[in-house]
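Student: Note that the protein sequences, when read in sequence, are chains A and B. If you read the first sequence in our numbering, its first letter stands for residue 1, the second for the next number, and so on. If you read the second sequence in our numbering, its first letter stands for residue 1, the second for the next number, and so on.
Derived by calculation from the structure, the hints in this document are not laboratory data. This structure is a prediction, so every number in the text was calculated from the model and none was measured. Be aware that one or more of the hints could be misleading.
In silico DSSO-like links for lysine-lysine, alpha-carbon gap of 30 Å or less [what the hints assert, rightly or not]:
1. B:Lys402 to A:Lys60
2. B:Lys402 to B:Lys224
3. A:Lys26 to B:Lys539
4. A:Lys59 to B:Lys50
5. B:Lys496 to B:Lys194
Take a look, some chain B residues computed to stay more than 10 Å from chain A by CB distance [unchecked claim]:
6. Ile30
7. Tyr38
8. Val179
9. Asp225
10. Gly362
11. Val428
12. Leu503
13. Ser535
14. Ala576
We treat Cβ as the ideally placed atom computed from N, Cα and C, and that holds for glycine.
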Amino acid sequence: MDLRLPIGYVFTIYGIMLTGYGAFTKGAEMYKKSLELNVNLIWGVVMLVFGIVMLVFAKKAGKA
Amino acid sequence: MHFLDSILFLASAGGGAVSLEGLKPDLNFIDWSILAIYLAFVIGIGFALKKYNNSAEDFFLSGRSIPGWVTGLAFISANLGAQELIGMAASGAEYGIMTSHFYWVGAIPAMVFLGIFMMPMYYGSKAKSVPEYLKMRYNEPTRVFNSVSFAFMTVASSGISMHALADLLHALLGWNYYVSLFVTSGIVLAYVLKGGLSSAIYNEVLQFFMIVFGIAPLAYIALKDVGGWEGLVAKLHASPQGQGALHSWAQTGGTENPMGVPWYGILFGLGFVLSFGYWCTNFAEVQRALAANSMGAARRTPIIGAIPKMLFPAIVILPGMIAYGLTSDAVATGYTIPTNASGALNYNQVLPSMIFHYFPNGLLGLAITALMASFMSGMAANVTAFNTVWTYDIYKAMNPDKGDRDLLTMGKYATVFGIIAAMGFALVASNYNNIMSILQLVFGFVNAPLFATFLLGMFTRRSNAMGAFWGLVVGTGSAMIFHGLCFATGNAPGVKGGWISPLIEYPKEMSQGFWVAIVAFSTTFAVNALISCISRRDKTDEELKGLVYSLTPKQVEDNDPWILRPVVLGTIVFIASIILNIIFW
């Protein structure tokens, strides 16, 4: 089993979830906690990119 | 989802006092989904690896088939248990930048040394465990002594982890302490039973990324809140810690520093005895490298692990320092460290309380999942090390004719009763305040004598079985006696030291722990060397081949790119840690 696959899936799922949730809750009261930063949106995108990179590497290795 | 519902039901039925009242966040559907997805993947990985687990070799050693980057990250993740996140943030608040000694002095040099100098013998000898190496190098009694004390230590430290997690979930989310204990250990039990060591290692890597992604945003948000690095420096300067919080070495001329340890105590006690003892002889760590698919990968394992280890202070110690800075500022209306019943700062709650203060739903679920992941990784590492030592070094040593099938079965039993024993220890752990200090004490008893034994065994031919065995016995005994004679200021004589007679006083529990370890190491080293010198050598050069450094063939790694050669990579990592020490002098 290529470990990059499950890791890629987990973080792609988390990325989509947090990005979506962040976009949906834009300007919500709870972002006062994080100093008015929409951390869900920002961090969601970061995790999404990480997840996709992992998946791409795993697929590449799988083909070779 | 019924699984989480049942936790919630039992938790609300259990009730109990919540120490973070008012801070307790409301988890919503997104937080719960993040946690549920993580748990599903962790157990899923265990089941996915089940089909590769047909023999004892697979279950205990992963069939020596795992690539170096995986074992390297697992190596560091295995150490990311209770002490790492909660304890290091707590120490960051309590001791300031001096906490970085646990990384740049107390980890990196030892990890590099393990990879470059010790791994050729560990991996090359084909030993299945650290105690088995001791049997090859010395004799059966030495192995028995080590396997029994190691088995105790793994149970003790996973017990401490479990206690910390259950206590945290109770304080944070109001979950019942015992239910938390059973559920989290049940999950670890499930994936270790199904997938053996491979499952533990693969999950450790997933857990490593969970921890980094879950905790890293805290440092950024908190730093922004305190007004950047300059803001933090100004606040700490004005605080009771003053300059002390901002220098790792500058004030270690005496014991007048937050740790109460002078520089030579740090270098020798932490940087040498405790650190090399832990990283180089603790089988829960070494086992990860033994699962690697080649000698090169095994040697790179601790060195690859050292790279993230070096950077971890930025995400765990820094938030702790910020927490203290914000708390000490009288005009602050924002974050403050929670206090316990007597009004003292409760450092162990620094990290969770900051997460609650700064993280909105979404990120909150991610961070709570990260905390769970950290406890599971530390615990699974101990469980897999325990079941291997129990099965090969205790059970098989007593029943040499047992076959593969019996060993696999015994390994599974050992996994179950190891976890049950750890739960018992979890209840003992609830007597202590700073988790880190107890762990240091436990390691002082067990690992320091072992490291002295390895140092003489791996790097001299002269050291013999009689010296090794009596060195271990006398060294461990002397550590216990010394612990009974010394205590830390403010502690009554008892489990925390001074139970024979409170003769020697140290300013902090931490300095006490360092000196206990130094005594254990020095006594073991002296006794082993003395006996080995006055008695005859018991193994010929031929028998010691591959077990002693000078009799082990030099490693040829022409196939690896030069940057990945253990010596090159190790040297780079080592120099980087020296530079970090200088920057934060």
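Student: Which hints, by number, does the structure contradict?
Tutor: 1, 2, 3, 5, 6, 7, 9 and 10
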